[in-house]
Structures are given as C-alpha cells and as structure tokens.
Amino acid sequence: MSQAMLSVRNLITEFETDEGRVRAVDNISFEVNAGETLGIVGESGCGKSVTAQSIMRLLPQPMGQIVGGEILFQGRDLVSLSVAEMQKVRGARIGMVFQEPMTALNPVHTIGRQLTEVLLIHKPITKDQAIREAIVMLDKVGIPSPDIRMTEYPHQLSGGMRQRVVIAMALACQPSLLIADEPTTALDVTIQAQILELIKELQTHMGMAVMLITHDLGVIAETCSSVVVMYAGKVAEKGSVYDVFDRPTHPYTRGLLESIPRLDTPPKSKLTIIPGMVPGLLDLPQGCRFENRCRYRKDSCTVASPPIETVEPGHEVSCYEWRDLKANESKIDVVTGGGDSITFKMSAVA
Amino acid sequence: MSVIPLDTSSVSPLLQVRDLKMHFPVKEGVFMRTGKFNKAVDGVSINIMPGETLGLVGESGCGKSTLGRCIARLYQPTSGTVEFGGTDISRLGRRALMPFRRDIQMIFQDPMESLNSRHTVGQILEEPFIVQNIGDKQFRQTRVKELLNVVGLPARSVTRYPFEFSGGQRQRIGIARSIALNPKLIICDEPVSALDVSIQSQILNLLIELQKEFNLSYLFIAHDLAVVKHISDRIAIMYLGKIVETGDGESIYRTARHPYTQSLISAIPVPDPHHKSHRQVLVGDVPSPINPPSGCAFHTRCPKVMDVCRTVTPVLSDDRQPVSCHLYPS
Ligand SMILES: Nc1ncnc2c1ncn2[C@@H]1O[C@H](COP(=O)(O)OP(=O)(O)OP(=O)(O)O)[C@@H](O)[C@H]1O
Ligand SMILES: Nc1ncnc2c1ncn2[C@@H]1O[C@H](COP(=O)(O)OP(=O)(O)OP(=O)(O)O)[C@@H](O)[C@H]1O
Ligand code: SF4
Ligand code: SF4
Ligand SMILES: [Mg+2]
Ligand SMILES: [Mg+2]
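Heads up: the sequence lines are chains A and B, in that order.
Heads up: the first sequence begins at 1 in this note's numbering, then just goes up one per residue.
Heads up: the second sequence begins at 351 in this note's numbering, then just goes up one per residue.
Hints are computed from structural coordinates only; laboratory data are not their basis.
Think of the CB as a built atom: it goes at the ideal place given N, C-alpha and C, for glycine as much as any other residue.
Worth double-checking, as some hints may not be accurate.
To be verified - Lysine-lysine pairs mimicking DSS-like chemistry, simulated, CA-CA at most 30 Å apart:
| no. | chain 1 | residue 1 | chain 2 | residue 2 |
| --- | --- | --- | --- | --- |
| 1 | B | K386 | A | K200 |
| 2 | A | K200 | B | K626 |
| 3 | A | K200 | A | K298 |
| 4 | A | K140 | B | K534 |
| 5 | B | K534 | A | K270 |
| 6 | B | K654 | A | K140 |
| 7 | A | K326 | A | K270 |
| 8 | A | K270 | A | K298 |
As the list claims (entries may be wrong) - These stretches of chain A come out as covered by chain B in the derived footprint (C-beta under 8 Å, 3 or more residues):
| no. | segment |
| --- | --- |
| 9 | 59-65 |
| 10 | 92-101 |
| 11 | 204-211 |
| 12 | 266-273 |
Start from the sequences, fold in the hints, and give me the full structure.
See below:
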C-alpha cells in the first residue's frame, strides 16, 4: 500500500481569544503524495495559514491549540512529537515558506549567514561546505551574483528576491515536503511565473510533495494536481483539479469559479457575484456555513453542518444538495448580481 | 450585452497628460542629498475620454501610483502638463486647484489607510461637503444616506466606525466618499487587489454600474490583467516610468506587440487545468528607476534584445496600437 507523504485526519485547531474560544480549523482531512502538489484555496480567514501552522506545530502560543485529529508525516503523527523531535523534522524534512517573507528573515543578519545556519543545523557539513552549498542554492532560485548577495542584508533585496531567498532556505535541506503559504501573492506575475516554474522544477528533481496555499485559482489550475476548497474553517470540496474545475459541485466553489473575471469575458459585462460575506468565527451558523450566501439553500440546510460525502472516487463535497447539483452540472446557471440591487437616486450637488 | 464604442471623433478628451515627469530626489541618511533622482514617472503621455476607463498595468515600482497621484495633484509633477477639461492643472496652486479637487477623486487599495479611523462613516462621507463648503447639515445628511444606498451599504452604517466593516465594505465606503461630489474622473489605485475573489466581483460590478450611471472616467491601476481587461476600454502598459504600449483590451491581450507585454500576458495563470501555458519566463532582475538601463529600459530582461536596444531609447509609435520598441520601426 502506498503511503501518503502527508495525511491530515480530522484536524481541529482552536484559539483562545478575549471574546471566547474559536475553532479556526474544524475537522479537516486531506492527503499529499510524494511528487504531487496539493492546492488549498479559500476566502481570507478560512483557516489556510492555521492549517499550515498546525502541521508545522508553529501555532501562536499559548492561544493556539490542536484539539483533535492526526497529522501523519511519512506515517508518523506530528501532533504527538516532543518539541525537540519536531524541531528536527522542521527545516530538515519539511520546508516552509511563509506568507510574509520578512517574518522568516532576520533583518540584522546577512542572507549568507541565515542560509548557512539552516544548513549547519540540519546537515553534518563544515562551514565552508555550507557556504558553497548556500551559493548554489541562491543560484538555483534565480538570484543573480549569489556570492555578492550572500553578504547583503534582507532590506537590500527587492520583495521578489527576498521571497526567493526564503524559498532557497526552505529548500536548502532538500525537504520531502514543502509547505508554501501564498509564496507569490505579493509578487508581480512575471516573477510569480519564475518562482512557480522553479518550485515545479525542483519538485521533479527531488520528488518533493508540495502543499501550496493561495487564493489564486489560476495558480491552482496551473500548478496543482489536487485541490482543497476551504470555507470558514471547513472543507467545502476537494478532488483533483479536473474534478473541481470541470465539475464543481459545492455552491461556493461554483460561485468562486463564476465570479472571476476571465480574459475572454466581454469587457464591462456584469460579473456573477457571491452576495454577502463570510460569517465570523464567533457567530458561525449552526447549519451549513455557506447558508447565508447560498442560492441553493433549503430550510433543512440550517439545522446541522452537512457531512463530507463522496461524489465520485477522490471527489468529495460537503453540501446537502450535492446530488441535485451534480445532476444539473451541465447547465450551471449564471445568476448575475443577485441580492445586490442598487438604486440610483441622488440629489444634485449645489 | 453589447459595448457601445466610444466615438472619439466628436468628443474631446477629459484628461490629456503630456510628457509628464516626476523625479524624486534620492536622499541618503538624514538631510543628505545625493544629486541622484528616482525617475518614477519619466515622460508619460495619456488621454482619457469622458466615460472611458483607461487601465494601467505594470510591475511593482514602475510608477503607476505616482502617475495617478500627479494627475490627482497630490504631487506637483517635475515637468509636463496635465490638462483637465482644457485647463493645465499641473502647476496650479492650492486655491486654483479647489474646483478640480471636486472633479478628480482617488480610491486606494487599502481603504483603512485612507479612512480616518476615529471618524464615523457619517463623518467621513460628510467631510468632502464641509471642505468644499457645500449645503447645510440637513442636505449633507440626506446626501450621505443616498451615497450609502448607491454603494449598497445600510443607512445605519452612518454611526459605525471603519474597523467595524469588512474589507469589501470598507472599499464601498471609500467609493462612496470618492463619488460624493459628483466627480468626473476617479483614479482607482488597486481598488480590488486586497479583496477576496468573491468580494472583488461585487466591487467591480459596482464600479461599472456607477460609471454608466454617472458617465465617470476611470484611470484603473492594477496588476491583475484579467481584472484590468474586464473593466477597461483601453489599456496602457507601463515599464520603469514609461508607457511601452497602449491599445484596446482585446488587442493588447490577443496581439500584444511589446516583448514585455507579451511576457506579462503569457505569465497570467489561467484558471483552467486543461489550458497549456506557454509561459515566457523572464530572466534577469528588475532594474531600478534610480539607475535605469541605457537605451530600452527593458533590454536587461528582453528575450528579443538587439544591439541597438542597449544604446538607443525607443519612442512610442504613432499608430493604432502604439508601442515603444525597436522591433517596430516607424
Ligand atoms: N493568533 C490568533 N488568535 C486568534 N484567532 C486567530 C489567530 N490566528 C488566526 N486566527 C483566526 O483563525 C482564522 C483563520 O486564520 P488564517 O490565518 O488561517 O486564515 P487564512 O485562510 O490564512 O486567511 P488569509 O487568506 O487572509 O491569509 C481567522 O478567522 C483568524 O481570525
Ligand atoms: N513620495 C515618494 N518619494 C520618493 N520616492 C517615491 C515616492 N513615491 C514613490 N516613490 C518611488 O517611485 C517609484 C515608483 O513608485 P510607485 O509607488 O509609483 O510604483 P507603483 O507602480 O505604484 O508600484 P506598486 O505596484 O508596488 O504599487 C518607486 O521607486 C518608489 O520607491
Ligand atoms: S448545504 Fe445547503 S446552504 Fe450549504 S452549500 Fe449546500 S445547498 Fe447551500
Ligand atoms: S527595444 Fe529591444 S530590448 Fe526593448 S523591448 Fe524592443 S526588442 Fe526588447
Ligand atoms: Mg493566510
Ligand atoms: Mg502603487
């Protein structure tokens, strides 16, 4: 039986806040195999970064806690590892690229020192060897004149170069799993293309598994083999990119795919919208979390949270109405601008 | 839905920018002048017609916001002219600018930064009228309610503070404030970049509706080309302080001429897993506007660079889809 590189099972993560306990990640499960890229997509605040922090055991302390589930990495449960054991896994076997590159870099140390430190902690090599390896790594991530850059400080680099340094650090020890949290969101599309290409290339060479967090559906479609769509702390839908992009079943996934402007939509045409907004973690509805924005909602949706069910092998969805929706999937109805009617009536400005 | 083509022959442009330059002096340390300049905007000419949207695209730091701020006269440009409705406003003083401050408004990426957090939404929306000395208290309050209605916010929002709203709702407040005085031109500086996909479309629809209703002109700055193409009539591509290509959205997308535009378009991730990307990955680093490369500023990264590009600066051609590149001799 082939074993997944990473298998997250029924993960629940909570935060202690001034206004009470909130459940940021509520019973989510997914797997990533070696050589595969899994995308995680969803609205801001839906729990993508908290999921990554849970896997890395880097939740803000003491507020954040994993209160349920397992995180199996190469078959070993990371949740039960001691702090020291986890330290070894982190960096050496799991590399992480954070949403904001500056948080991962120390402003008072040179790029070279930070890179060689990572290598020295996790590899039995000499300082000279580490320096040579660091230069090779910087070169691989496309940083020109890497030997000069080694002596520079983070603030001397552009945003795109900093992000590439962070990626170099995450990849330095040739991890089996790379977790990248919005690695290209702050970058220009041309630089983004460069970095995504690089991750792909290194993945093919090293057989690394990648978990890529992004809100860009284009990036998911181009780089991932499978995708998890999250909504308000839960998995709404997951499957291969073909399942999710060709046969989106959850109303939220459908709404997302319909609402993005595409290069071939007629200019200034009305875009489909998802009316309203995500509920806050402190006032989550009792039933389906998408209920207040869903155009397929029935009264029965508001009673309890829908279970996750299998639509077809590997394609799962959490919605009571999925059978009806699936039956109608060939004619996804385009509701434009529903629930957001605007009346123009204004008095003249004197 | 059909798009009515703008008849450019009979109408004169609302905005005409000619050879605009904004050079910031580069300082090192405290008070120290180096004599160097950051040529953030370096000779830009653009037109915007009444009711038209000009999209402005280009990578971070290429001068998009600076150009927008010069037009809105938040900056006094170093040289060049900004003709608005026939008057050059580029050198006007505070008093003479007053009426133009009504006509030209700005919307920003992060409305939180531009909205005074200690003021209620009511106070924020009333302020433009007070500054311009328009109407009495009662008129202003009626108008504030109308504005909230226009941007789709409940009337009770007047007593609430910006932090009590979501990002998308705050952007609506920013939009409401920008249209308060019936402006003619709105500079939209990355108005949806910070918003979730599902909220972006709400705001884009709103901007398009407002434009139709009030015949607004937009300068729409963004880095997402799909968004820009959706909302714009024409698109201008900017690179290191200069416009390198302009044209209608469809032509820019289908028949891009400038190598930078071509790589930009090829780099846009397409939300369709069946799409085979033909990405042209650029190599070489983004040059700095303080030490711009000689000749064509793109020559350090251009896949089609020729010898002439390193020494001779190309100029924008004078045809249907103006481009500034030696591959297209005029
Ligand atoms: N330290 C914390 N204390 C309390 N709540 C937190 C903390 N960190 C995160 N949360 C909450 O957990 C939820 C999920 O946050 P998370 O950062 O995972 O969102 P995200 O999906 O990564 O969003 P984005 O796309 O904006 O990065 C949010 O509602 C957030 O408010
Ligand atoms: N007030 C200022 N003083 C000095 N330099 C400035 C000022 N504003 C902008 N610049 C510089 O001018 C150049 C262009 O900046 P600008 O903000 O216009 O870029 P942009 O295209 O809007 O980038 P982004 O996409 O990141 O918003 C940059 O090098 C910037 O550092
Ligand atoms: S369970 Fe009901 S409310 Fe939730 S997504 Fe499905 S149809 Fe909509
Ligand atoms: S002028 Fe030369 S370097 Fe510049 S874009 Fe054209 S071909 Fe490339
Ligand atoms: Mg996040
Ligand atoms: Mg800007």
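Here is what the structure says about each hint:
no.	hint	verdict
1	B:K386 / A:K200	violated (41 Å)
2	A:K200 / B:K626	holds (15 Å)
3	A:K200 / A:K298	violated (43 Å)
4	A:K140 / B:K534	violated (50 Å)
5	B:K534 / A:K270	holds (22 Å)
6	B:K654 / A:K140	holds (24 Å)
7	A:K326 / A:K270	holds (26 Å)
8	A:K270 / A:K298	holds (27 Å)
9	59-65	violated (count 0)
10	92-101	violated (count 0)
11	204-211	violated (count 0)
12	266-273	holds (count 8)
In summary, the structure is inconsistent with hints 1, 3, 4, 9, 10, 11 from the numbered list given earlier, while agreeing with the others.
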